[in-house]
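Asker: Sequential numbering from 398 applies to the sequence shown in the numbering used here.
Hints are computed from structural coordinates only; laboratory data are not their basis. Quick caveat, the model's predicted, so the values are computed rather than measured. Even for Gly, the Cβ is constructed at its ideal location relative to N, Cα and C. Hints should not be assumed to be uniformly reliable.
Claimed, not checked - Each computed DSSO-like pair below joins lysine-lysine, with the alpha-carbon atoms no more than 30 angstroms apart:
hint, residue 1, residue 2
1, K569, K483
2, K424, K512
3, K512, K499
As the list claims (entries may be wrong) - Between beta-carbon pairs, the in silico distance windows are:
hint, residue 1, residue 2, range
4, K569, V489, 16 to 26 angstroms
5, G505, K569, 15 to 25 angstroms
6, A562, G497, 18 to 28 angstroms
7, V566, G497, 25 to 35 angstroms
8, K424, K403, 23 to 33 angstroms
9, R565, N501, 21 to 31 angstroms
10, G444, P509, 43 to 53 angstroms
11, L568, V450, 47 to 57 angstroms
12, S439, V567, 44 to 54 angstroms
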Amino acid sequence: MSRVGKMPIAVPQGVDVAITADQITVKGGNGTLSRALSALVSVKKDGATLTFVPANESAEADAMSGTMRALVANMVNGVGKGFERKLTLVGVGFRAQAQGQKLNLQIGFSHPVVKDMPAGIKVATPTQTEIVISGPDRQVVGQVAAEVRAFRPPEPYKGKGIRYAEERVVLKETKKK
Numbered sequence: 398m399s400r401v402g403k404m405p406i407a408v409p410q411g412v413d414v415a416i417t418a419d420q421i422t423v424k425g426g427n428g429t430l431s432r433a434l435s436a437l438v439s440v441k442k443d444g445a446t447l448t449f450v451p452a453n454e455s456a457e458a459d460a461m462s463g464t465m466r467a468l469v470a471n472m473v474n475g476v477g478k479g480f481e482r483k484l485t486l487v488g489v490g491f492r493a494q495a496q497g498q499k500l501n502l503q504i505g506f507s508h509p510v511v512k513d514m515p516a517g518i519k520v521a522t523p524t525q526t527e528i529v530i531s532g533p534d535r536q537v538v539g540q541v542a543a544e545v546r547a548f549r550p551p552e553p554y555k556g557k558g559i560r561y562a563e564e565r566v567v568l569k570e571t572k573k574k
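Let's have the full structure, built from the sequences with the hints guiding it.
Answerer: Structure, rendered in structure tokens:
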């Protein structure tokens, strides 16, 4: 059996989990998330814990129990605490400004780049060169951060561009004559 799938999920105070035949819904302070349940996994709720058991002995059901457990754990964590990704702008004149649900970027192009945020995602700019993307859904937060980074990924010679805060860019040596 999957090692991840064996671990129970502790549901914190203030988070409500509703399980139907084909869907699981998690409600908390940061919003509501729902996901379709796999037929290969059965979910049991015992008080403040959730356990995931494969429906049969197949390897696919075993793998799916670990996958569903990880996805639901991210949902519980997201509606409780939330997830965030930090991005840093490196380059002369590179600036970011959050305007409601829009992120306005000036990253060396002849025009400003405007990115609309999906529903449930918040964007903040503590300084002109920092972007903080936060929300309850881990996948959506990561996807939006990747889309913002894709506007101007770090280049390998000077390191200019948009990078994750914890990312380390390895610079190449310039060509010698």
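Asker: The structure should be examined with respect to each hint, and the outcome stated for every one.
Answerer: Here is what the structure says about each hint:
1. Restraint check for K569 and K483: the C-alpha separation of about 25 angstroms stays at or below 30 angstroms, so the hint holds.
2. A threshold of 30 angstroms between alpha carbons decides the hint, and for K424 with K512 the separation of about 28 angstroms falls inside it, so the pair holds.
3. Between the alpha carbons of K512 and K499 the distance comes to roughly 6 angstroms, so the proposed pair stays at or under 30 angstroms and holds.
4. The hinted window of 16 to 26 angstroms between K569 and V489 holds, with their beta carbons roughly 20 angstroms apart.
5. Against the hinted window of 15 to 25 angstroms, the Cβ-Cβ separation of G505 and K569 comes to about 19 angstroms, which satisfies the hint.
6. With their beta carbons about 23 angstroms apart, A562 and G497 fall inside the hinted range of 18 to 28 angstroms.
7. Range check, V566 to G497: about 31 angstroms between beta-carbon atoms, so the 25 to 35 angstroms window is met.
8. At about 26 angstroms, the CB distance of K424 to K403 agrees with the hint of 23 to 33 angstroms.
9. Here the CB-CB span from R565 to N501 is close to 27 angstroms, well matched to the stated 21 to 31 angstroms.
10. With their beta carbons about 52 angstroms apart, G444 and P509 fall inside the hinted range of 43 to 53 angstroms.
11. Hint check: L568 to V450, Cβ distance near 50 angstroms, so the stated range 47 to 57 angstroms holds.
12. Restraint check, S439 to V567: a C-beta distance of roughly 46 angstroms satisfies the suggested window 44 to 54 angstroms.
Going down the numbered hints, you'll see the structure goes against none, and every one checks out.
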